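Quick note, the sequence shown lines up with residues 2 to 564 if you use this note's numbering.
One should not assume that every hint holds.
As the list claims (entries may be wrong) - Per label pair, the in silico range of CB-to-CB distance:
(1) R293 - V70: 19 to 27 Å
(2) W262 - R57: 33 to 41 Å
(3) D192 - L561: 47 to 55 Å
(4) L561 - A313: 30 to 38 Å
(5) T524 - D192: 25 to 33 Å
(6) D553 - R525: 53 to 61 Å
(7) L17 - D261: 44 to 52 Å
(8) L551 - I506: 16 to 24 Å
(9) D261 - A406: 36 to 44 Å
Don't read these hints as lab results, they were simulated from the structure.
What you are looking at is a predicted structure, and each value in this text was computed from that prediction instead of being measured.
Positions of the beta carbon are idealized from the N, C-alpha and C atoms, including for glycine.
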Amino acid sequence: MRLRALLDTDALGLKLLGGEDELDRGVRGVMTTDLRDPSRYLSGGELVLTGLAWRRDAADSEPFVRILVQAGVAALAAGEAELGDVPDDLVEACARHRLPLFAVHESVAFATITEHVVRQVSGERAGDLAAVVDRHRRMMTSGPAGGGPDVVLDLLGSDLDLRAWVLSPTGRLIAAPKETSGARGGVPALDTEACARLAAEHLAAVRTGRRGPHRVVLDRTTYSLFPVRGSGHGPSSEPADPRDTMLADWLLAVEADAGDWAEERLDLLQGVTQLIAVERDRRDAARTVRRRLAQEVLELVQTGAAPGEIAARLRVAAPVLLPGLGTAPHWQVVVARVEWEDGRGDAGPVTQALLEEVLVDPAPTGPDSSDRIAVAHTGDEAIALVPLPSVAEHDEAGAGVLADALLESVRGPLTAGLDGDGRLTVGVSAAVHSAEGLRGALEEARHARRVAAARPGRVCAAGHQELASHVLLLPFVPDDVRRAFTARLLDPLREYDRRHRAELIPTLEAFLDSDGSWTRCATRLHLHVNTLRYRVGRIEQLTGRDLSRLEDKLDFFLALRMS
2 MRLRALLDTD ALGLKLLGGE DELDRGVRGV MTTDLRDPSR YLSGGELVLT
52 GLAWRRDAAD SEPFVRILVQ AGVAALAAGE AELGDVPDDL VEACARHRLP
102 LFAVHESVAF ATITEHVVRQ VSGERAGDLA AVVDRHRRMM TSGPAGGGPD
152 VVLDLLGSDL DLRAWVLSPT GRLIAAPKET SGARGGVPAL DTEACARLAA
202 EHLAAVRTGR RGPHRVVLDR TTYSLFPVRG SGHGPSSEPA DPRDTMLADW
252 LLAVEADAGD WAEERLDLLQ GVTQLIAVER DRRDAARTVR RRLAQEVLEL
302 VQTGAAPGEI AARLRVAAPV LLPGLGTAPH WQVVVARVEW EDGRGDAGPV
352 TQALLEEVLV DPAPTGPDSS DRIAVAHTGD EAIALVPLPS VAEHDEAGAG
402 VLADALLESV RGPLTAGLDG DGRLTVGVSA AVHSAEGLRG ALEEARHARR
452 VAAARPGRVC AAGHQELASH VLLLPFVPDD VRRAFTARLL DPLREYDRRH
502 RAELIPTLEA FLDSDGSWTR CATRLHLHVN TLRYRVGRIE QLTGRDLSRL
552 EDKLDFFLAL RMS
């Protein structure tokens, strides 16, 4: 479609501010953004919609417009809801670069423009199926009467008899049709395990370069998985490196075999994924303020700013992250890193989006519960500032964010997405109650992440509790040293057990676990104390060690842990 057609559509509320000679440009898609540099999400030919949150002063307009022009966008449309009239500096920058500029009246939602463009670009080929989308413009509108992805899914069920769900890359249920709140027609709703398995299959398919939709059979039910990418990517376009987006993009899971569909129905579902992508981008844009707060606090902490300056930024962050809170919260720091084995891929932004997803409570659906999480990224590392409302709530929660529990529900899908190619490692700090403790918390989380990185597996986490234990040291012992140390102490016992079935190794483990107590150890092994003394004597004879000495007990303990 042409820009001129948009301007001629009164319902869109567009006013031309510049670029009259360029109105015959074609529009191939639409993207909503408030990023200062959205180039990585642009593929060319888009109508870019912006609320101007990226603009802090007049000097920001020129570089923003230059980035859009270099990306080959068709035009820019700026909303008037936030600042009123579109700033003159933006009008002048667009004129210099011959970029058509529209003003969007404050009464018109970006979702209305997006839905219109998507429908015009991809729509009419779907015939009577496209009329379903046309009859329900409310599906992506905001407010109480709107619906977001849930309404889209309801319409797929009511008009096309398609059951579908929107899932995150970790398998969290983002949106579901009303019918799946219970059983419909004897078919149960999509459960947590199924969501995780579908997400795992999706990530594995994307990682290996297969084009969607991906066909998956779970428990004799066939699903077709459609990627839901940011609105800067068309339905048929693929990012230059799938790893740049696959751990952040949503997916649409449809209970059907899309391999049997006509081209028209496939086109319609691709259009639906674009509509859902609008909601994904909206939620992503809503995180901009929280990301900025986290970035500012992080920069202050890392540059050694005075505690008073950091405390001032935290006082700004607290009401945003915990509205209505009467007292200053405690804070935890979570550090994450996604590392690709070949060193390629833009890991920083995708780690940031993935950490935001991992920290969301997986139980509720609907509005994102990550609105209390601030995540920044620096290089390949993402850093989350997690508020804990009060000491009482912190204690009741056990310890705020727990490393072991953090990745439990997402380990399966993420392992499938990273298998053979990358790793996710996470470190969690203890809670701190002041700006003075935040620098230490950041270092603590980073040390914990390094402990996690020393462990085997694609998805690993470690908490602050482990930094006060021998567990911190063991992962960093070189493999050849570990093998030599354990062989020297344990191989004589293993060989003796193999020849005589004497169970010296289990006896040694039980003796150490009993803190050297003869009575407790004998009871635990169901042995007479004299039999236990004989076995321990044999261990000492074979190894030349004395289990009454603390040093020898410690050496045996470490050898068993490293073996």
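Do the hints match the structure? See the list:
{"no.": "1", "hint": "R293 - V70: 19 to 27 Å", "in the structure": "25 Å, holds"}
{"no.": "2", "hint": "W262 - R57: 33 to 41 Å", "in the structure": "48 Å, violated"}
{"no.": "3", "hint": "D192 - L561: 47 to 55 Å", "in the structure": "40 Å, violated"}
{"no.": "4", "hint": "L561 - A313: 30 to 38 Å", "in the structure": "51 Å, violated"}
{"no.": "5", "hint": "T524 - D192: 25 to 33 Å", "in the structure": "45 Å, violated"}
{"no.": "6", "hint": "D553 - R525: 53 to 61 Å", "in the structure": "21 Å, violated"}
{"no.": "7", "hint": "L17 - D261: 44 to 52 Å", "in the structure": "46 Å, holds"}
{"no.": "8", "hint": "L551 - I506: 16 to 24 Å", "in the structure": "21 Å, holds"}
{"no.": "9", "hint": "D261 - A406: 36 to 44 Å", "in the structure": "42 Å, holds"}
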